[in-house]
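S.K.: Construct the complete structure from the given sequences, taking the supplied hints into account.
Listed below are the residues making up each chain.
There are 2 protein chains.
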Amino acid sequence: MLKGHQTWVFPSKPVIKSTAAVGGPHEAKGPLANDFDLLHGDLWLGQESYEKAEKKLLEEACEIAVRKAGLKKQDVQFFLCGDLLNQIISSGFAARTMGVPFLGLYGACSTSMESLALGSLIVDSRSGDNVLCGTVSHNATAEKQYRYPTEYGSQKPPTAQWTVTGAGVAILSSGGEGPRVTSATIGRVMDMGISDPFNMGGAMAPAAVDTLTAHFRDLDISPREYDLIATGDLGTVGFQIAADLMKKHRLEIPGEIFTDCGILIFGETPPEALAGGSGCGCSATVTYGHILNRIKKGELNKVLIVATGALLSPISYQQKESIPGIAYAVAIESSR
Amino acid sequence: MLKGHQTWVFPSKPVIKSTAAVGGPHEAKGPLANDFDLLHGDLWLGQESYEKAEKKLLEEACEIAVRKAGLKKQDVQFFLCGDLLNQIISSGFAARTMGVPFLGLYGACSTSMESLALGSLIVDSRSGDNVLCGTVSHNATAEKQYRYPTEYGSQKPPTAQWTVTGAGVAILSSGGEGPRVTSATIGRVMDMGISDPFNMGGAMAPAAVDTLTAHFRDLDISPREYDLIATGDLGTVGFQIAADLMKKHRLEIPGEIFTDCGILIFGETPPEALAGGSGCGCSATVTYGHILNRIKKGELNKVLIVATGALLSPISYQQKESIPGIAYAVAIESSR
Numbered sequence: 165m166l167k168g169h170q171t172w173v174f175p176s177k178p179v180i181k182s183t184a185a186v187g188g189p190h191e192a193k194g195p196l197a198n199d200f201d202l203l204h205g206d207l208w209l210g211q212e213s214y215e216k217a218e219k220k221l222l223e224e225a226c227e228i229a230v231r232k233a234g235l236k237k238q239d240v241q242f243f244l245c246g247d248l249l250n251q252i253i254s255s256g257f258a259a260r261t262m263g264v265p266f267l268g269l270y271g272a273c274s275t276s277m278e279s280l281a282l283g284s285l286i287v288d289s290r291s292g293d294n295v296l297c298g299t300v301s302h303n304a305t306a307e308k309q310y311r312y313p314t315e316y317g318s319q320k321p322p323t324a325q326w327t328v329t330g331a332g333v334a335i336l337s338s339g340g341e342g343p344r345v346t347s348a349t350i351g352r353v354m355d356m357g358i359s360d361p362f363n364m365g366g367a368m369a370p371a372a373v374d375t376l377t378a379h380f381r382d383l384d385i386s387p388r389e390y391d392l393i394a395t396g397d398l399g400t401v402g403f404q405i406a407a408d409l410m411k412k413h414r415l416e417i418p419g420e421i422f423t424d425c426g427i428l429i430f431g432e433t434p435p436e437a438l439a440g441g442s443g444c445g446c447s448a449t450v451t452y453g454h455i456l457n458r459i460k461k462g463e464l465n466k467v468l469i470v471a472t473g474a475l476l477s478p479i480s481y482q483q484k485e486s487i488p489g490i491a492y493a494v495a496i497e498s499s500r
Numbered sequence: 165m166l167k168g169h170q171t172w173v174f175p176s177k178p179v180i181k182s183t184a185a186v187g188g189p190h191e192a193k194g195p196l197a198n199d200f201d202l203l204h205g206d207l208w209l210g211q212e213s214y215e216k217a218e219k220k221l222l223e224e225a226c227e228i229a230v231r232k233a234g235l236k237k238q239d240v241q242f243f244l245c246g247d248l249l250n251q252i253i254s255s256g257f258a259a260r261t262m263g264v265p266f267l268g269l270y271g272a273c274s275t276s277m278e279s280l281a282l283g284s285l286i287v288d289s290r291s292g293d294n295v296l297c298g299t300v301s302h303n304a305t306a307e308k309q310y311r312y313p314t315e316y317g318s319q320k321p322p323t324a325q326w327t328v329t330g331a332g333v334a335i336l337s338s339g340g341e342g343p344r345v346t347s348a349t350i351g352r353v354m355d356m357g358i359s360d361p362f363n364m365g366g367a368m369a370p371a372a373v374d375t376l377t378a379h380f381r382d383l384d385i386s387p388r389e390y391d392l393i394a395t396g397d398l399g400t401v402g403f404q405i406a407a408d409l410m411k412k413h414r415l416e417i418p419g420e421i422f423t424d425c426g427i428l429i430f431g432e433t434p435p436e437a438l439a440g441g442s443g444c445g446c447s448a449t450v451t452y453g454h455i456l457n458r459i460k461k462g463e464l465n466k467v468l469i470v471a472t473g474a475l476l477s478p479i480s481y482q483q484k485e486s487i488p489g490i491a492y493a494v495a496i497e498s499s500r
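Chains as they are written, first to last, in the working numbering: chain F, 165 to 500; chain H, 165 to 500.
Heads up, some of the hints might be wrong.
Heads up, the list lumps identical chains together, so a pair's fine if it works in one copy or across two of them.
[Unchecked claim] Derived DMTMM-like pairs: lysine to aspartate or glutamate, alpha-carbon spacing no greater than 20 Å straight-line:
| # | residue 1 | residue 2 |
| --- | --- | --- |
| 1 | LYS237 | ASP355 |
| 2 | LYS193 | GLU432 |
| 3 | LYS466 | GLU497 |
| 4 | LYS167 | ASP293 |
| 5 | LYS484 | GLU212 |
| 6 | LYS216 | ASP355 |
| 7 | LYS167 | ASP239 |
| 8 | LYS484 | ASP355 |
| 9 | LYS308 | GLU212 |
Think of the hints as simulated: they come from the structure by calculation, not from any bench. No experiment lies behind these values; they were computed from the predicted model shown.
M.R.: If you want it as structure tokens, here you go:
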């Protein structure tokens, strides 16, 4: 049900029946390691290419989530997924493995919440009872595709972020136990002219602020409605830019409830990760692992996840286009 | 509302308030030229790259559809779009121009009906009143990305298809006059092991048959329910394979109501187009131009469009993966 300009409210509050977070070696060394269902010691996962390893991360996450929900693959009606690879091949090939009806999405690193928003719409409108939503990214495939193969060892500026190797998925259901999705705000594409692919956080910050503003306006609530508001993967640089932009727009989110998945996943001052984590898998694994665990433990009651995406491609960069950003906000509350 | 395993029925029957089809020079020479709203004499559209020309095709189609619906951009609540380019940049950049909340999709050439299916769900669930759905492809960008730049002049086998240069979009509304969307079947990813990117039709045929079978099973209707059933872009080779597969599955669609957008757009024996048209823009322009015009003229009452997509990427091909296919079926009926 539409409320305001761009926010969907879900009266039935679809249930997140289960989630799964699968990560790689860097995630295993990070402060949220204990929140992953499965961690891999190397980037290859026993596969012969990084792309096949990325697909395997996603397949493993899907399998774990289906099992944790006490379901079988055939109980899942729809699979909503996307990733960073050209033609979202990780999602397409994992959908082949799953064998269930598939809706391919592309929202860059915002895909985690784009899929959760659309999945909630499907469940809330009684168009599906068990819907699998998720996304995946892999450090080595993303670096190769967007910047340079990691084997080149090229230097990066301090604004650069570290693509998370990880898959995060959730099973949304019309019934059962678990945290519930209450609303979702669909973002507009925002572009403030940043064209440096080593500063994705800066490029995405305006979209995060625009979607946050729309969310509070459409629902006529204040940020204090939530115990935690987490942006997707702005990292330390983008998060500061977002904070500055919010001041300009007179949007005040108290510091103690405002954070960023890209800062959380590798900690405040990660040596390799520079400005923090990024990639589709960043907000997906942090939300479906760490944040939902905190809800289940009773530490959090209502959270808002604002996943951000940078809608560039290597071609658009080469053709001197700036980097448009987008953000999707999804509100999740405890079932208690 | 879910019916059967994978079909959504839309009780409110969302209205296709307006559509737009914009094409390029080959489409202008084809038998459906009169069904386009706008045709361009060259592939560049006055832009400095083919990618920018592709974006312009889409922006023009959006503008025309909004105008034909008697709306302004700000009346459109959501824009659902995808394309064939890496990271769907044509859609992302057109969404930046539109300035409305955006949901990026990727279903390869099936994106036309993936977006119409999801758009119908949004309108039917009262989650949006005016939703813009569409897709675009461009011959030169697709050839460069998936096979070889056209300037190389490389030879193609007769199974190859010709990517349509065109954008097709529709405005779906909760009210007003126009053809109506009644149901949509979401496809599974099917893969019969074809790995030749010059035989996309063959790779997609099993998905078309699987989705058609699911559609008739879920709704418990026969193909005779429709005056026309059109697959997306199987072309002459893929369409014959689909016909053979249907015989095996004992699914009989009478020849006089069964056709393919990839065969229609360039005619039966197009000299350059080999096995027929393909690309996101194929089923989009044929449906939103030619087929909806026939509905409006009273020549057709109920049609089923089964858009097909090949979920490969150049990387998946290089890594020796086969080509998975998917198909989305959407039923449209006359408002009379």
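S.K.: Which numbered conditions among the earlier hints are violated in the structure presented, ordered from lowest to highest?
M.R.: Going through the list in order, the structure violates no hint and respects every one.
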